[in-house]
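*Asks:* Chain residues, written in single-letter form:
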Amino acid sequence: MIKKLIASLSNISGLSCRQATRLAAKAMDTPLDRGERMELYCHHMICSTCRNYARQLKLMRSWLREFGQKIESPTGLSSSRKEEIKTRLKSEPPSEL
Amino acid sequence: MESTEFATPRSSGSNSDRNIDPTRWVDEHGDCLFRFALVRVRTAEVAEDLVQETFLAAIRSRDQFRGRSSERSWLVGILKNKILDYYRKLGRETTFTDLEFLKDELPHKFEDGFWNHALGPKNWKPESDEVTHKEEFWQTMRDCLANLPDRVSAAFMLREIDDVPGKEICTLLNITESNLWVMLHRARMGLRECLEVHWFEKS
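Heads up: the sequence lines are chains E and L, in that order. Residue numbers for the first sequence follow the working numbering, so the first one is -9 and each next one is one higher. Residue numbers for the second sequence follow the working numbering, so the first one is 15 and each next one is one higher.
Hints are supplied without guarantee of correctness; some may be wrong.
[What the hints assert, rightly or not] Restricting the straight-line Cα-Cα distance to at most 30 angstroms, the calculated cross-link-like pairs of lysine-lysine (DSS-like) are:
(1) Lys80(E) / Lys136(L)
(2) Lys48(E) / Lys136(L)
(3) Lys103(L) / Lys123(L)
(4) Lys60(E) / Lys123(L)
(5) Lys48(E) / Lys117(L)
(6) Lys80(E) / Lys139(L)
(7) Lys60(E) / Lys72(E)
(8) Lys48(E) / Lys16(E)
Honestly, the hints are just simulated from the structure, not real lab data.
Throw the hints in and build the complete structure from the sequences for me.
*Replies:* Structure below.
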């Protein structure tokens, strides 16, 4: 019932949920034009699921930015690899100054 | 010796007369470089190789280092280029996994283009700040990112982590813009789904 209602209301706004998820993704990379913004806005007014989706895309971006800076995470270069690299570095001829 | 910035009390060994001790680099920066690479290439083996290449490239070009930046950021700069080279190599291969992954837009979650609202995105609780303090959350993030095919992951990392513009990613990975948007859309959908199932529905 509710689903039907949402579907018919969404038809007025012109977007299906699938299209709304694509638009929300597009908005993460490039500014939407006026029409697209309006369509997405109208869809979000009536669809909490797509609202969640759009908000979560932004959340994930902020987490990933933080993730990229997480250089204090527990793993490190294995000690055997460190020794191997040191040996390789020592065998490099000294550069000319 | 152009700079005294290299002279640290810990510097020792056969290269100490040059004020540069490359083996000290490995102890001081190795782990940090490794983690920087691991986040972006996901496989420990690949990350280790890239770090090794970085140190070798650094020792060959050490004369170009004038101490304008810190030793650390100089090395990270070299590593970034090594990671881009690795991505470029991925861009030359189209794999079956890519195609399979990109084809699937979670069809079972939609009915006639509308979310089956029982299966669609839920309200995540707790959001934001609270989760990022938990190491287990980041492990889930790592596991979920590991599910993405290599090329899709490369595109996604460049866009989301390092904020590289779409056009540059296309050139680097040798793909069209519409290809890129599909990749990013699917990566986002896949990661969201995975985090919801393996973190938010569990906690």
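*Asks:* Please go over all the hints and tell whether each is borne out by the structure.
*Replies:* Now for the hints, and whether the structure bears them out:
no.: 1; hint: Lys80(E) / Lys136(L); verdict: violated, 55 angstroms
no.: 2; hint: Lys48(E) / Lys136(L); verdict: holds, 15 angstroms
no.: 3; hint: Lys103(L) / Lys123(L); verdict: violated, 35 angstroms
no.: 4; hint: Lys60(E) / Lys123(L); verdict: violated, 33 angstroms
no.: 5; hint: Lys48(E) / Lys117(L); verdict: holds, 24 angstroms
no.: 6; hint: Lys80(E) / Lys139(L); verdict: violated, 52 angstroms
no.: 7; hint: Lys60(E) / Lys72(E); verdict: holds, 21 angstroms
no.: 8; hint: Lys48(E) / Lys16(E); verdict: holds, 12 angstroms
Of the numbered hints stated above, those contradicted by the structure are hints 1, 3, 4, 6, listed in ascending order.
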